[in-house]
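Undergrad: Here is what each chain is made of, one letter per residue.
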Amino acid sequence: MRKTLTEIANIVDGEVLGDGNVVITGLCGIKEAKNGDLSFVANPKYFILIEKTLASALLVPRDFTAIAKPVIRVDDPSVAFVKIAALFLEDNLLEHFKGIHPTAIIAPDAQMGKNVSVGPFAVIESKAQIGNNTIIYSGCYVGRKATIGKDCLIYPNVSMRERIQIGDRVIVHSGAVIGSDGFGFVNVKGVHQKIPQIGTVVIEDDVEIGANVTIDRARFDRTIIGRGTKIDNLVHIAHNVTIGEHCIIVAQAGISGSVAIEKNAVLAGQAGIAGHLTIGEGAIVAAQAGVTKSVPAFTMVSGYPAKPHDTAKKVNACVQRLPEYIKTINDLEKKLKSLEDKIDKCALTAVSGKSVKAAAKKSGLRKYSKKK
Amino acid sequence: MRKTLTEIANIVDGEVLGDGNVVITGLCGIKEAKNGDLSFVANPKYFILIEKTLASALLVPRDFTAIAKPVIRVDDPSVAFVKIAALFLEDNLLEHFKGIHPTAIIAPDAQMGKNVSVGPFAVIESKAQIGNNTIIYSGCYVGRKATIGKDCLIYPNVSMRERIQIGDRVIVHSGAVIGSDGFGFVNVKGVHQKIPQIGTVVIEDDVEIGANVTIDRARFDRTIIGRGTKIDNLVHIAHNVTIGEHCIIVAQAGISGSVAIEKNAVLAGQAGIAGHLTIGEGAIVAAQAGVTKSVPAFTMVSGYPAKPHDTAKKVNACVQRLPEYIKTINDLEKKLKSLEDKIDKCALTAVSGKSVKAAAKKSGLRKYSKKK
Amino acid sequence: MRKTLTEIANIVDGEVLGDGNVVITGLCGIKEAKNGDLSFVANPKYFILIEKTLASALLVPRDFTAIAKPVIRVDDPSVAFVKIAALFLEDNLLEHFKGIHPTAIIAPDAQMGKNVSVGPFAVIESKAQIGNNTIIYSGCYVGRKATIGKDCLIYPNVSMRERIQIGDRVIVHSGAVIGSDGFGFVNVKGVHQKIPQIGTVVIEDDVEIGANVTIDRARFDRTIIGRGTKIDNLVHIAHNVTIGEHCIIVAQAGISGSVAIEKNAVLAGQAGIAGHLTIGEGAIVAAQAGVTKSVPAFTMVSGYPAKPHDTAKKVNACVQRLPEYIKTINDLEKKLKSLEDKIDKCALTAVSGKSVKAAAKKSGLRKYSKKK
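Protein chains in written order, with our numbering: chain C, 1 to 372; chain L, 1 to 372; chain W, 1 to 372.
Isolated chain C (complex conformation) (with noise of 0.2 Å):
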């Protein structure tokens, strides 16, 4: 697609500083963006970006000034960037199927909404209810009495068991499983002996799950994935977990049994959070950070175990410097010793510089005196 700077701007309701007649044939991040790309920044502390980046014109807001390259002034970078990607996409890049294929077995008492599409080969269980618009992707598996809403996208070889609910306008990459049973055993004797795992799983309205992503359902309770919140591939989330609206958890992160992580939190790559424990609303756990205790609200922790991040910087900092902090401390021993030598001889003299004087005191001087 190409359109103009000045067409974009219109449909953005923008108005651009610099040459409008740059023709715009992609759209990319600051960082990626390539000559011909329209890139946004909506954050005053990335403008300085705006003189590396390749991008033939950028969105920005409506107090920007400089002129560095041409751009579109508008009320919000980030919207009209969404906006603008749609269409993007209008030769129909995101199209999906429609309709029931025939190989789709649908139980005869599964309730499917108006205009929902069923992949090849997906498989609906008995009482399982799918909302208006949704697709369902060849290879799926739906449970018995699990209820997915509308508007949801659920792509190839999604595994969903029995009786798991997901709201509407969710998003699931293919290889997720949802509902898998809990990790639970009671050792018997020094046999690990299952403990039924007969609860569920809640995924609330408009929440993506990534790629290969595995929940696990509640043992007799329910795990709850909060109202827009956004999990990326290969995560994992044990039993009994609880998640808050709009978090963010990033790639391959591990949260165990009955976590509770409050809304707005996010979770970096590869971090583990022990069971038990609470992360605060907004709180921020750093890639490949161990938690082992709750984390407060607002706050940010990273390392192993995870601390607090600023001391864990400050903390990391000395450890680097440890070698050249030895070395000092193996000076000061010598010094010290040697010191320990002097004063031990200052001592001695010291004491016979007393006795002289004694040995004045006693005669000499003070008979003389009385001479006078």
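One or more of the hints may lead you astray.
Pairs involving identical chains hold if they fit within one copy or between any two copies, as the list cannot separate such chains.
Capping the alpha-carbon separation at 30 Å, the derived lysine-lysine pairs in DSS-like fashion look like this [said to hold, decoys possible]:
#  : residue 1 : residue 2
1  : K194      : K45
2  : K263      : K83
3  : K45       : K314
4  : K69       : K145
5  : K31       : K194
6  : K337      : K3
7  : K327      : K313
8  : K45       : K313
9  : K327      : K342
10 : K45       : K189
11 : K31       : K52
12 : K31       : K150
13 : K52       : K293
14 : K150      : K189
15 : K3        : K334
16 : K45       : K31
17 : K69       : K194
18 : K313      : K31
19 : K98       : K145
20 : K127      : K114
21 : K342      : K3
22 : K83       : K194
23 : K31       : K83
24 : K293      : K34
25 : K194      : K3
26 : K52       : K150
Hints listed in this document are in silico derivations from the structure and should not be mistaken for laboratory results.
Using the hints, position chains L and W against chain C.
TA: Just chains L and W now, with coordinates in the frame of chain C:
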């Protein structure tokens, strides 16, 4: 389901302490329990939790006496708990489908046991063997000459490659891959040439394998998972690994090639074991530990590189206090410097003190005394 | 299969040293080898293993002389080993099915090469292209306009999304997901809005992709896996990542968005790379390393945050000895204190020593001398 405490006590041959008319409507772990729940506490060290728990009643050992709330005294609280949990399943919560679905493709020369169930779109290849009462869900793949024992439960979309062997009463969760090629190459003039992985995988009886777990086949021999071992989601087990009986491998742990894990060992979440090491019997590897040396039996290691847990904790405590220690070091340096100055002065005066004495000795004092 | 050492030597144009009648019944790595196995050692630094190995015979370089046990001298032991391994497959261990299964669903406008094999319940969407001799196992999904080269091997239940491109001789293991959406959102007034991921994935020739690996499509461009690169199980590769030729990515490693990994680099197990970094040519990232800065070519990093490996080892050695150093610091403090006390005394006496001298000077001694 609703039962009074007395009714439940009769089922598990237990003795009620407190109000036997309390109505139990659910089961739960002691920490997550709510009003109406029955929970259990087997280990005296958790008795303190009884005051905090919201559970309406608890299963406790025979020798338990306190009556903070209604309890049922039994020989083994955890065993009794599992037994009661089964009751709460009477409404067929865990019911599975029956029979072989017409769309399943089963090779004519596959050996099917009695009462085997196979879901839609499952594939069972030539010369595969399936034991009595085993249930294989939709979309599963059972490769040529693979054998699965009796009373197994294989959830949807599991891939079991050719020649792998699975014992009896094994549970495999969705998306697991058993028998993928080991990761083995030889670098020939800068190109990684594949070493054919012609071994297999042996899963012994009563093993449970989590969702999206990967277990590679051995290069020439067998990758072995020992009897009763339980494996959580997203665990990676490389070629030629041997795991003993009744081990616990928690989510996202990774075990490199040819590692030997002895019986009753525990690997916590996201732990990693380097190649060719041995994890001794009953050893515990803490979460996220990076194990670079073999771990002796009945010891616990943590951290990276993994160290005995007590050492690691001690070291970590020191590390956390490093910033203050470094202050101390700097203070010591200053003090020492100023001491050195003092000392030098002191030494000087000491010397002059000496000279006076010498002068005194030389004439005055001695002479004078002679005058007497 | 059974062959004498002499028979095998002839196959690889090798020369027997020792008993050529030794019968070889299997192949194995030198550490795991058992009696009857043939193994190999290419690198002189592993020659010491020859005394320990249980292998009955070994492939060694031409210049090898010791005769601890029967050997075959060849130009390149590892190449010869792979060649012989092929022999041990003659009984069709690695045989695959042939032909297109009637249940496979192939779009009328998909372009199928010669001699392509497609298993049951596989789906090949509109305008997809499959090269000659490629084998696609059951339950695989090939999206619209996706292209797969020739001589590829795709194991069961692999999901390959629309428009992705796979080269020749590529192996993809079960459960892998290629072309899932990149994890990209813009936060608009507290809500994470999805940035359409309209790019794709390009897998070059001779790549191998492990079980349950996830490779995300680029946002607007291409995620690229370079020729000959081998990827182990459960690896995550985010959007816009570019990996060069002949890299090794070990199990459970995670690579964040827009990372560039140059040719011949190695990522060990569970390593994590933060976004937008560069891992230089031939660089090695140790297991579990958390890389927060770009890694120069031909260097090795380890630890979190990742540091040059030698530094990291040195620092870690210091850290492990920290408790004793802290004892030293405390000792130093005590000694210094006691020294300060000594000093003060010493200084005092030194002063009085001085006054005596002064007094002495003032009168006595001088006067007296005048008397002379």
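Undergrad: Run every hint past the structure and note whether it holds.
TA: For each hint, the structure was consulted:
For the homomeric pair K194 and K45, the shortest alpha-carbon distance between copies (22 Å) is at most 30 Å, but the shortest distance inside one copy (53 Å) is not. Taking CA atoms no more than 30 Å apart as the test, K263 paired with K83 passes inside one copy only; the shortest distance there is 26 Å, against 37 Å between copies. Taking identical chains as interchangeable, the C-alpha atoms of K45 and K314 lie at most 30 Å apart only when both belong to the same chain, with a minimum of 24 Å there against 37 Å between chains. Taking the shortest alpha-carbon separations for K69 and K145, neither the intra-copy value of 57 Å nor the inter-copy value of 37 Å comes in at or below 30 Å.
In this homomeric assembly, K31 and K194 come within 30 Å of each other (Cα to Cα) only across copies, at 19 Å, whereas the closest approach inside a single copy is 50 Å. Neither within a single protomer nor between protomers do K337 and K3 lie at most 30 Å apart by alpha-carbon distance, with minima of 79 Å and 73 Å respectively. In the homo-oligomer, the alpha carbons of K327 and K313 lie at most 30 Å apart both inside one protomer (22 Å) and across protomers (17 Å), since each shortest distance falls under that limit. Proximity of K45 to K313 under the C-alpha cut-off of 30 Å is restricted to the intra-copy arrangement: shortest distance 22 Å within a copy versus 37 Å between copies.
Taking the closest pair of Cα atoms, K327 and K342 come within 30 Å of each other both inside a single copy (23 Å) and across two copies (25 Å). In this assembly of identical chains, the alpha carbons of K45 and K189 lie at most 30 Å apart only when taken from different copies (18 Å versus 61 Å within one copy). Taking the shortest Cα distances, K31 and K52 sit within 30 Å of each other inside one copy (8 Å), while across copies they are farther apart (53 Å). Taking the shortest Cα distances, K31 and K150 never come within 30 Å of each other, neither inside one copy (36 Å) nor across copies (35 Å).
Only between protomers do K52 and K293 lie at most 30 Å apart by alpha-carbon distance; the minimum there is 19 Å, versus 42 Å within a single protomer. Proximity of K150 and K189 under a CA criterion of 30 Å is satisfied inter-copy only: 24 Å between copies versus 48 Å inside one chain copy. Taking the closest pair of Cα atoms, K3 and K334 never come within 30 Å of each other, the shortest separation being 75 Å inside a single copy and 69 Å across copies. When the C-alpha separation of K45 and K31 is checked against a cutoff of 30 Å, the pair qualifies only within one copy, where the shortest distance is 14 Å, while the shortest distance between copies is 45 Å.
For the identical chains of this complex, K69 and K194 are inter-copy neighbours only, at 27 Å across copies versus 64 Å inside a copy, given an alpha-carbon limit of 30 Å. Within a single copy, K313 and K31 get their C-alpha atoms as close as 27 Å, which meets the 30 Å cut-off; across copies the closest is 34 Å, which misses it. For the homomeric pair K98 and K145, the shortest alpha-carbon distances inside one copy (24 Å) and between copies (17 Å) are both at most 30 Å. In the homo-oligomer, the alpha carbons of K127 and K114 lie at most 30 Å apart both inside one protomer (16 Å) and across protomers (28 Å), since each shortest distance falls under that limit.
Within a single copy, K342 and K3 get their C-alpha atoms no closer than 85 Å, and across copies no closer than 81 Å, so neither meets the 30 Å cut-off. Proximity of K83 and K194 under a CA criterion of 30 Å is satisfied inter-copy only: 11 Å between copies versus 50 Å inside one chain copy. In this homomeric assembly, K31 and K83 come within 30 Å of each other (Cα to Cα) only inside a single copy, at 20 Å, whereas the closest approach across copies is 47 Å. When the C-alpha separation of K293 and K34 is checked against a cutoff of 30 Å, the pair qualifies only between copies, where the shortest distance is 23 Å, while the shortest distance within a copy is 44 Å.
Taking the shortest alpha-carbon separations for K194 and K3, only the inter-copy value of 23 Å comes in at or below 30 Å, while the best intra-copy value is 61 Å. Taking the shortest Cα distances, K52 and K150 never come within 30 Å of each other, neither inside one copy (43 Å) nor across copies (41 Å).
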